[in-house]
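**Q** One-letter residues, chain by chain:
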Amino acid sequence: MTALQTIEVSKTFVNHKALDKVSIEVGEQSIFGLLGPNGAGKTTLIRIVNMISAKDEGEVLLNGEPIKQQDIYNIGYLPEERGLYKKMKVGEQAVYLAQLKGMPRQEAIRELKVWFEKFEIGSWWDKKVEELSKGMAQKVQFIVTVLHKPKLLIFDEPFSGFDPINTNLLKDEIINLQQNGSTIIFSTHNMASVEELCDHIVLINDSRVILSGEIHEIKNRFKANVFEVVYRSPKELIFESADIEVMNDEQKNGEKVANIKTLSHHSSNELLNLLIKQVEVVSFREVLPSVNDIFIQEVALTS
Amino acid sequence: MNKISLIIKREYLTRVRKKSFIIMTILGPILIAAMIILPAMLSEWSESEEKSVAVLDETGIFFEKFKDQESIKFYHVFEGINDEKENALYNKGDLLLYIPKTELNLPVNAQLFSVKQPGLNVTAYIKSVMKTTIENEKLKAQGIDPEVIKSAKANINLNTIRVEEDGAEKKSYTEVEVALAIFAGIMIYFFIFMFGAQVLKGVMEEKSNRIVEVIISSVKPFQLMMGKIIGIAMVGLTQFLLWIVLTGFFLVIFQLGFGGDISAGMQSMNGQNQVITENAASGISSDKMAMITEIIGSINLSAMILSFIFYFLGGYLLYSSLFAAIGGAVDHDSDTQQFMLPVSIPLIFSVMMSGVVVNQPDSTLSIWLSMIPFTSPVIMMMRIPFGVPYWELFASGGLLIVGFIFTTWLAGKIYRTGILMYGQKVTYAILWKWLRQKS
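Respectively, the protein sequence lines represent chains H and W. To convert, note that position 259 of the first sequence is 259 in this note's numbering; the numbers rise steadily by one, no gaps. In this note's numbering, each number is its position in the second sequence, counted from 1, plus 1000.
One chain only, chain H, in its complex shape (with noise of 0.2 Å):
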């Protein structure tokens, strides 16, 4: 069931350690966010895994087996670098680069027609890419990757460009994708994307990695058992346990907001029968953290 696994990949440039000791374990038909800072290594990671580069120790399985030159051709790759030919066509250009990653032409062709019409582009075949607008290019280059069906895909920053409408496109299209049967790896440092499309990430830092798992777990492990509680009352909140600690609590729209965290293992239902003697209750529920809020925490650690 693991589509894609790193076991202890290393690699030292001139002077700098890229990645230490990396593993990290795709799933198949997961989507996989690859997080952390400018310069962790994930690009270098994301590399070594398309064998752009290659790794100094380590190893990268490909379902099980070590990936081998063979391999690129179920890998789409959308480098965060990424460009086109100026001069050449669009539809001439998008054939070349089908063909280099191993499909026919005439079957690049047909392939090729069916998504330039899904995207709306279908007209720009004949125009040169210097005509093209930034969005239209990155459009361009996303059938590219994905034209040849491969098993594994990796995004770098596929949303650079894009207005919300083509990025919501894009979204839907990246989930078609998973349920048609690929694996995906998305690094990005657009969180919001990352909830919404993961369901696994690993977070590198310093060329280490620092976290990784399913996304729900992570959020849990990371919890910090506060409560947010909508509530109706002329009174203030008030806990005689010092073990609750309201965090704050402000007006809004007639109601009022308090963060409650509980230092103890209160059970969310005890909190609830304390809150009920004190007030009304509209909503209640367990905060869980953001995927910003534990990417800075840790890479503020780990730093």
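Careful: at least some of the hints might be erroneous.
[Claimed, not checked] With a straight-line cut-off of 25 Å between C-alpha atoms, the simulated DSS-like cross-links for lysine-lysine are:
no., chain 1, residue 1, chain 2, residue 2
1, W, LYS1003, H, LYS151
2, H, LYS256, H, LYS277
3, W, LYS1220, H, LYS89
4, W, LYS1018, H, LYS127
5, H, LYS17, W, LYS1413
6, W, LYS1201, H, LYS86
7, W, LYS1009, H, LYS55
8, W, LYS1433, H, LYS55
9, H, LYS89, W, LYS1127
10, H, LYS17, W, LYS1433
11, W, LYS1201, H, LYS113
12, H, LYS17, W, LYS1425
13, H, LYS128, W, LYS1018
14, W, LYS1003, H, LYS86
15, H, LYS87, W, LYS1201
[What the hints assert, rightly or not] Listed next, the stretches of chain W that the computed footprint assigns to chain H, with coverage defined by at least 3 CB atoms under 8 Å from CB atoms of chain H:
no., stretch
16, 1006–1020
17, 1209–1219
[Said to hold, decoys possible] Here are some chain H residues the structure puts well away from chain W; computed CB gaps all over 10 Å:
no., residue
18, SER10
19, GLN141
20, ILE175
21, ILE238
22, VAL246
Rather than coming from a laboratory, the hints here were simulated on the basis of the structure. Quick reminder that beta carbons are idealized off the backbone N, C-alpha and C, glycines included.
Fit chain W to the supplied structure of chain H, relying on the hints for placement.
**A** Frame of chain H, contents of chain W only:
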């Protein structure tokens, strides 16, 4: 292999479809053909017009000395200079040669009046006749019979004959060979630079467009680099072959269109060379024509073309791979200069050495320069018209092949690291680190 052919195809097709390529391909041969045809046409026009020269000889020495030539007729006149000017020059439109009487009885200053510029062949003929006549007069004044001198004059005709290894003897004709050597050397320099620069530009375009990472996720960097280099080499070969074919084609067109004779044109072009080198003795005589035709025949044109192709490819591969490495390493045009100059110095140096090489094509220096792969393409092309022993050709060719394999290997190492590096100020120290980095 299939991948690399896809890359070659793209590099080739995008370039040969460019307007600049098509214009160059057509314009080049027109210029070359014009260079061959124009002197022929000009000389034909000037020669077709028969000129008459009125000779006003106050000394009386030159009576009946000027013989009628193919396009020059002479006749003597005896009136005063002003009358003859009126008569011969303005009324008849002839040329007027005035040889005034001087104190020594031997004229040194003659004047040739003409309405239009007199041709080189007219002045050359008159000069040579006057020179011999006066020499003879001076000898007579000393009491020496000119016939004695004439018989004593040894007419040495030194034909340099090069003995080929197989024993075949061949007359060599240096002037034409010098011209051809320099032409070939400069052409190969020009071709290597022109297409090498296209490699540099192409690599930089891919890097600054950011398409390079997209492509090397499908093919190896080395394949991309070689595909580009080979594709552009084929563009160069296409251009070269088209130039040869089209030059021939335009020559035929010109010939049909103007009724001119190509071989006459080539002869007169080379003939002018001869006239100049031999101090304009007596214009173009018919046996000289035959000699020039022989010279052209003595140069093995197909061997020249084949060696041009080999040395173009070898030199191009050697330099363009280095250019590719530079293009891969730098981010901006402005950064290329510091690397381009040291790389192209041997090439520029070899063109600068052309004078030395054509003077002494078989000197130790020339031989060494034609062996070193960095200078051999230009220098060997300059030596070939003079004849080069086979072993030297093979040694030089072999070294060139070893040379470009080495530079390609070197360039591949720099290129594959460089193309993914952005925003780094590249220095020689950094290049050295990239070189030592294992793949």
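**Q** Would the pair LYS17 (chain H) and LYS1413 (chain W) pass a check requiring their Cα atoms to be no farther apart than 25 Å?
**A** holds, 20 Å
**Q** Given the hint that LYS17 (chain H) pairs with LYS1433 (chain W), does the C-alpha gap stay at or below 25 Å?
**A** holds, 15 Å
**Q** Would you say GLN141 (chain H) is clear of chain W, with no C-beta pair closer than or equal to 10 Å?
**A** violated, 7 Å
**Q** Counting residues of the stretch 1209–1219 of chain W that have a beta-carbon nearer than 8 Å to any beta-carbon of chain H, does the count reach 3?
**A** holds (count 10)
**Q** Compare the distance between the alpha carbons of LYS1201 (chain W) and LYS113 (chain H) with 25 Å, and conclude whether the hinted pair is satisfied.
**A** The given pair, whose Cα atoms are some 32 Å apart, is violated under the 25 Å limit.
**Q** Hey, LYS1220 (chain W) versus LYS89 (chain H), does the alpha-carbon distance stay inside 25 Å?
**A** Between LYS1220 (chain W) and LYS89 (chain H) the Cα gap is close to 24 Å, so the pair holds against 25 Å.
**Q** Would you mind confirming whether the straight-line C-alpha gap from LYS128 (chain H) to LYS1018 (chain W) stays at or under 25 Å?
**A** Cα-Cα ~14 Å, so holds.
**Q** Between the stretch 1006–1020 of chain W and chain H, are there enough contacts, at least three residues with CB-CB distance under 8 Å, for the coverage claim to hold?
**A** holds (count 4)
**Q** Against chain W, does SER10 (chain H) keep a CB gap of more than 10 Å to every residue?
**A** holds, 14 Å
**Q** Given the hint that LYS1003 (chain W) pairs with LYS151 (chain H), test it: the Cα-Cα distance must not exceed 25 Å.
**A** Holds, at about 21 Å.
**Q** Is the Cα-Cα distance between LYS17 (chain H) and LYS1425 (chain W) 25 Å or less?
**A** Distance ~20 Å between LYS17 (chain H) and LYS1425 (chain W) Cα, so the pair holds.
**Q** Measuring Cβ to Cβ, find out whether ILE238 (chain H) lies farther than 10 Å from everything in chain W.
**A** holds, 58 Å
Hints 7, 9, 11, 19, counting from the list given before, are not met by this structure.
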